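Novice: Sequence:
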Amino acid sequence: MTVAPEQLPPAPASAPVSATVCAPGSVRASVRVEALLGRRWHALCELGDLTPGRGVAVLLPDGQQAAVFVDRAGRAYAIGNQDPFSGAYVLAHGPLGSAGGRPYVTSPPAGRRFDLTDGRCLDDAAVSVPAYTVRLR
1 MTVAPEQLPP APASAPVSAT VCAPGSVRAS VRVEALLGRR WHALCELGDL TPGRGVAVLL
61 PDGQQAAVFV DRAGRAYAIG NQDPFSGAYV LAHGPLGSAG GRPYVTSPPA GRRFDLTDGR
121 CLDDAAVSVP AYTVRLR
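Be aware that the sequence shown starts at 1, since it is given in the numbering used here, and climbs by one per residue.
Among the hints, a few may not be true.
To be verified - Quick list of simulated restraints, FRET-style, between CB atoms:
1. Ala126 x Thr51: 26 to 34 Å
2. Gly100 x Gly38: 30 to 38 Å
3. Arg39 x Gly63: 15 to 23 Å
4. Ser30 x Ser86: 19 to 27 Å
5. Asp49 x Tyr89: 13 to 21 Å
6. Ser86 x Leu136: 26 to 34 Å
7. Thr117 x Arg40: 27 to 35 Å
8. Leu122 x Arg72: 18 to 26 Å
Derived from the structure by calculation, the hints contain no laboratory data.
Keep in mind it's a predicted model, so treat the numbers as computed, not measured.
We put the CB at the ideal spot given by N, CA and C, even for glycine.
Model the full assembly from the supplied sequences, consistent with the hints where possible.
Specialist: Encoded structure:
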């Protein structure tokens, strides 16, 4: 789930910022994808590590895995990486799509779709994966 910055707790003042070249002739601050876990923000990865339309798997502080995505509009999402049907940690490898304006990832082994904003399975209403509030910082 992506939320507006004014709705979120402040980030720690010690958040590092570095300059990175984004396109020929342009420079901007490096941007991190962070998730709200409990009451604290945790860095998941650098936005530049993500390819629009593809995911990466990250390890969370509690030992669980999350699948992190950025869409072609630059919106970031994070959901649990484990497919509840197969038990495999593969959601980060699934293709992205949208249905009714809602972004989803399709699980590679099972072919079931999971909403990137709330983690619910679009093909089985009784099943969902964790969805994390994320921000770009």
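Novice: Quick check on a hinted range of 18 to 26 Å for Leu122 and Arg72, using CB atoms only.
Specialist: 20 Å, holds
Novice: Check the following: the C-beta atoms of Thr117 and Arg40 are separated by a distance inside 27 to 35 Å.
Specialist: The hint (27 to 35 Å, Cβ to Cβ) is violated, given that Thr117 and Arg40 are roughly 21 Å apart.
Novice: A range of 26 to 34 Å was offered for this pair. Does it hold for the Cβ distance of Ser86 and Leu136?
Specialist: This hint holds: roughly 31 Å between Cβ atoms.
Novice: Lying within 26 to 34 Å: is that true of the beta-carbon distance Ala126 to Thr51?
Specialist: Given range 26 to 34 Å: holds, Cβ gap about 32 Å.
Novice: Taking 19 to 27 Å as the stated bounds, is the beta-carbon spacing between Ser30 and Ser86 within them?
Specialist: Roughly 35 Å apart at Cβ, these two residues miss the hinted range, so it is violated.
Novice: That 13 to 21 Å hint for Asp49 and Tyr89 (C-beta), does it hold up?
Specialist: Because 18 Å falls inside the window, the suggested range holds.
Novice: Does the Cβ-Cβ separation between Gly100 and Gly38 fall within 30 to 38 Å?
Specialist: At 31 Å between Cβs, range holds.
Novice: Is it true that Arg39 and Gly63 lie within 15 to 23 Å of each other by Cβ?
Specialist: 19 Å, holds
Violated hints, listed in ascending order, are 4 and 7; each of the other numbered hints is respected by the structure.
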